[in-house]
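Visitor: Chains A and B supply the protein sequences, listed in that same order.
Letter by letter, the first sequence follows residues 1 to 100 in the numbering used here.
Letter by letter, the second sequence follows residues 1 to 240 in the numbering used here.
Worth double-checking, as some hints may not be accurate.
Covered by chain A, according to a simulated footprint, are these stretches of chain B (three or more residues, beta-carbon under 8 Å) [what the hints assert, rightly or not]: (1) 34 to 42; (2) 48 to 54; (3) 154 to 163; (4) 205 to 212.
Listed below are several chain A residues computed to face chain B (Cβ distance under 7 Å; list not exhaustive) [as the list claims (entries may be wrong)]: (5) 7; (6) 29; (7) 41; (8) 44; (9) 51; (10) 53; (11) 62; (12) 66; (13) 67.
FYI, nobody ran anything at the bench for these hints, they're computed from the structure.
In this text, a Cβ means the ideal position worked out from N, Cα and C, and glycines have one as well.
The chain contents come next:
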Amino acid sequence: MSLDVTTLLAILGMALATYACRLTGLLVGARLALAGRAKAALDAIPPAVLTAVIAPTLFATGWPETLAGAVTILAALRLPLLGVIATGVAAIVALRLLAG
Amino acid sequence: MTGSPPDSSPSPLSEWREGIAELAPAMIAAMPLALLYGAIAASKGLSPFAVALSSGLVFAGGAQLAAIEMWTSPVPVAAIVLSTLLINARYVLMAASLAPKVAHMPLWARLLGFHVLADENWALAERRAAMRRLTLPYFLRAGAVFWLNWVAFSWAGAILGPIIGDPRRFGADFAFTAIFIGLVASFVTTRRHIAVVVASAAAATLTHWTLGSPWHVLAGAFAGMGMAVLVWVPAPEAAP
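Okay, chain A solo, but in the shape it has when bound (with noise of 0.2 Å):
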């Protein structure tokens, strides 16, 4: 159980940081009653935030994961959740292997 000051500092400042982010999210978005143009930059939200956080892994990391990326893409089109990232996790551990 040891824990130095500044690790302890850096945990709650990080903490601090993330749970600010989402009250404010939580304390704004309840006073919102949004439609037309404003109501589809809200529901863009999820598909945007998600494909942002991946998106330097798929296109500037190396050619494994570029491919890797494609083809969990595909298999996105028609499998279930956990065979997305089966396939996934495969793919990179082969292509990875080949590119040595």
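Using the hints provided, position chain B relative to the given structure of chain A.
Guide: Here is chain B on its own, set in the frame of chain A:
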């Protein structure tokens, strides 16, 4: 409760079970990622207790992995906190989008529920909210199990890390990417959604090249939202 809509009120147990069942693939995908986080953290000198504490209090995989990559001695606390803030700024948007869909729940449940809100259970809750009303057992209890899964496996990673070696050898890091691809695919049902995804991917990749991480997350999010506004057309039946 009086005044509640006369929906076929589902039993708490079945709601909880459905929440767990929907989250199961995400929990399985989070296991190698949590092990990876715990193993790297242990190699940087964090104790298993510190690893579990960070996972429990922060509960944001991407930011935690980024922080642990930045972890040196002495610990750059300010840089790590700033990086966390930027990577998790997307939670403002995500939480704002989900907030109206849980507005009927008590405040304590929303405060707790939004702490255990990660990309995966948030995406699943959004998808479910589009079809039916979110319930407390689905949202909070299933979220708590997801949280416990992350904490337990990152703790295990810190203990097992030195024994099993680099989890990246087993493609553990790509499980994160794969599950995000699967989640994005579940949201893309029209051509307009494809335009949103392409805009986000392009902006995020470009920004990653130019400004670097973690700015790409915000750039992609706003590019996708901008594209959604551009390609928006009024629903025909909604026209006055």
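Visitor: A separate judgement is required for each hint: does it hold in the structure or not?
Guide: Taking the hints in turn, this is what the structure says about them:
1. 34 to 42: This one is violated; 0 residues, fewer than the three required, reach chain A with a Cβ under 8 Å.
2. 48 to 54: holds (count 4)
3. 154 to 163: violated (count 0)
4. 205 to 212: With 3 residues in contact (Cβ-Cβ under 8 Å with chain A), the coverage given for the stretch 205 to 212 of chain B holds.
5. 7: holds, 5 Å
6. 29: holds, 3 Å
7. 41: holds, 4 Å
8. 44: Hint holds; residue 44 of chain A Cβ to chain B Cβ min 3 Å, cut 7 Å.
9. 51: At 4 Å from the nearest chain B Cβ, residue 51 of chain A passes the 7 Å test, so the hint holds.
10. 53: holds, 6 Å
11. 62: violated, 12 Å
12. 66: violated, 11 Å
13. 67: This hint is violated: residue 67 of chain A lies away from chain B, its Cβ roughly 12 Å from the closest one there, beyond 7 Å.
Violated hints, listed in ascending order, are 1, 3, 11, 12 and 13; each of the other numbered hints is respected by the structure.
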